[in-house]
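Undergrad: For the record, the sequence lines run as chains A and B. Residues in the first sequence are numbered from -10 upward in steps of one, following the working numbering. Residues in the second sequence are numbered from 923 upward in steps of one, following the working numbering.
No lab work stands behind these hints: they were computed from the structure. Here a beta-carbon is modelled for each residue, glycine too, at the ideal position from N, C-alpha and C. Certain hints may be false.
To be verified - For each label pair, taking beta carbons as the anchor points, the in silico distance ranges come out as:
#1 A:Gly141 - B:Ala1195: 33 to 39 Å
#2 B:Ser978 - A:Asp307: 37 to 43 Å
#3 A:Ser62 - B:Val955: 32 to 38 Å
#4 B:Glu1082 - A:Gln168: 45 to 51 Å
#5 A:Pro138 - B:Asp1227: 19 to 25 Å
#6 B:Asp936 - A:Leu115: 54 to 60 Å
#7 B:Glu1064 - A:Pro56: 42 to 48 Å
#8 B:Gly1204 - A:His149: 53 to 59 Å
Said to hold, decoys possible - With a Cα cut of at most 30 Å, we get these calculated DSBU-like pairs of lysine-lysine:
#9 A:Lys197 - B:Lys1192
#10 B:Lys1235 - A:Lys197
#11 B:Lys1192 - B:Lys1168
#12 A:Lys59 - A:Lys107
#13 B:Lys1235 - B:Lys938
#14 B:Lys1012 - B:Lys1180
#15 A:Lys194 - A:Lys27
#16 A:Lys263 - B:Lys1012
#17 A:Lys123 - A:Lys107
#18 B:Lys1168 - B:Lys1180
#19 B:Lys1132 - B:Lys957
#20 B:Lys1235 - B:Lys1180
#21 A:Lys3 - A:Lys194
#22 A:Lys197 - A:Lys3
#23 A:Lys194 - B:Lys938
#24 A:Lys263 - B:Lys929
#25 B:Lys1235 - B:Lys1168
#26 B:Lys957 - B:Lys1012
#27 B:Lys1235 - B:Lys957
#28 A:Lys197 - A:Lys123
#29 B:Lys938 - A:Lys263
#30 B:Lys1012 - B:Lys938
#31 A:Lys27 - B:Lys1192
#32 B:Lys1235 - B:Lys929
#33 B:Lys1192 - A:Lys263
#34 A:Lys27 - A:Lys197
#35 B:Lys1180 - B:Lys938
#36 B:Lys1192 - A:Lys194
#37 A:Lys121 - A:Lys197
#38 B:Lys1168 - A:Lys263
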Amino acid sequence: MAEIGTNGNLLEVKDLRTYFQTEDGTVKAVDGISFELKQGETLGIVGESGSGKSVANLSIMRLIPEPPGKIVSGSVMFRGRDVLRLSPREVRNLRGRRIAMIFQDPMTSLNPFMRISKQLMEATQLHLGHSKEKAREHAIEMLEHVGIPDAGERADSYPHEFSGGMRQRVMIAMALSCQPELLIADEPTTALDVTIQAQILELIKRLKAESGASVILITHDLGVVAGMTDHIIVMYAGKVFEQAPTTELFERPGNPYTRGLLRSVPDPTAEQGKLYQIPGLPPDLAHLPAGCPFAPRCERAEEICRQEFPPFVQLAPDHHSLCHFADEVYAQSSSEP
Amino acid sequence: MIDRADKPLISIRDLKVYFPVSGGSLFSRSQRVVKAVDGVTLDIYSGETFGLVGESGCGKSTLGRAILRLIEPTSGQILFRDRDLAHLSKTEMREQRRHLQIIFQDPYASLNPRMTVSQIIGEPIETFRLARGQAKRARVQELMELVGLSARFLKRYPHEFSGGQRQRIGIARALAVDPDFIVADEPISALDVSIQAQIMNLLDRLRREKNLTYLFISHDLRAIRHVSDRVAVMYLGKIVELADGKTVYSQPLMPYTKALISAVPVPDPKVEANRRRIVLEGDVPSPINPPRGCRFHTRCPYAIDACSDVEPKLVQIRPDHFAACIRISPEQPDIERVAPGAAPGLWQHTAGPTT
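Just need the whole structure built from these sequences, with the hints factored in.
TA: Structure below.
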């Protein structure tokens, strides 16, 4: 397989569009997103429900059910090859082996009728050609590695015998058992309690540091991406609204939507009072307004926002924002303490 | 603000809610109980938002529902206006529900899908015979406007609304009977970030305008801190710490509370990079067979032998700041000073090179 280019990108997504045909019309769930991921980096994709963040990643993995969905354009270059043009067999080989995923609810990925050891062994037997003995040994090693106590004895349990946090550990063990180069984690801690969330995030961080894998972390929680990522993409209505290095995005957001999101998270250290709120509701993707999809909720919107689709403005070498007034919003964020 | 000279609106005294579970094998059925709420005592004052926070399975929702008798308490008292709700007959309790309402986490599951919004909001008005005919319709419209829903939605069904709008319908229904007290059980947990802020602001405005009192139940520490005047932290059926919201966050006493607060991700990369986080080992133990003594001792880095024997009482450690831990006292409230270095490896750097 081709090597990583001189630019160091493991993954390059260009103009990806995934549409769904519904009774209501065409839903443009992902509508022309582009991003890059360097080897060893963690990218956060932040958005609310319906923003397209999960569909984007299912598209990268070629897991969009067709119909009703269809990837209508774009390319997903993984180590120089376009995933969208691979044969089904090649895709299967990629998934699980070189690209692995973990989801919000481990029970959707774990087979409830199969012992955990068996599920872990399947992947390495299939992808790495391990013998049964070797695969079992490796499975127990992986379970120990993700912090399952008494892994040797508990390996033969069924998923329901584990707590939510432990199941998420099992899924991480499974995802990492073939040493993938890219791990996609879709809301991996959303269903967990906060103390368990802290455990799982620490675990992902440690394993990433050890393995050197790249990670895409999809979440609605700005707090989670703040501590975990190098770069962040903010999605809204199927579009990338802003992308920037993590610190830059939090300190100098250049998009009114990002600014609004950041301000609407309660700060435990601040005084109480009225919380900033973004008015209105997320748009109906089948009936998007003309112009900027965020305009009806945006405090900065003017006539042009309701008529013309906004440009993707470059604010700094690595920082882009989809907004007619990106420069102004960026300047405003920069002047604030 | 709360006037503590007032009598509490709700006084809960040693409330217990036990659920029987059949244990053992099919052939040797032994009755065991889950002690979901195990001796909770607290006062909620008129006009305040009382925050109840804890992880799943700690009993916070059971406590909220038991106050309204949606779940029957096993023992204890729930005093509301000189009546003990825990000991009212079903009919008497139904009358009281006019004053005590609840908002649920998933407004979709709690709204009848076959009823229009106007029927849903109008139902409690009919049940309590508060208005009829034109007066009822006017009242429903007024409630919809109050929660920020357009009156043109009156004839629509719940599935036609987004999660945030459905939560507004749930709030309008709760307000229809002009209650004094509302249990808000994870009212924002199922909502998007931008919508959470809207609902928190709405609840706060309604509290001020309608002189409401809330028991706000959530696992979300950021939200609890924002909305609450006072906060109680629950762990395995017991309240382990209680103080005003600011104090609980800035000067927590209990090792469990400290761990909870340090586990909350902060939306600031600089803070996250330099933050010391307490990562608790293990899961919350099963409430069927909770640990003896202090229920947190199995995960507590400061636990000593006595912690597995003595059940700690919730006592005042600082003025208006209560905690249930035998290792701290008013004389020495700081667990780190009581047991310096007792928790090697507990404090972990979340970032930076490991040494």
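Undergrad: So, against the hints stated earlier in the document, which numbers end up violated here?
TA: Structure breaks hints 3, 8, 10, 12, 14, 16, 19, 23, 29.
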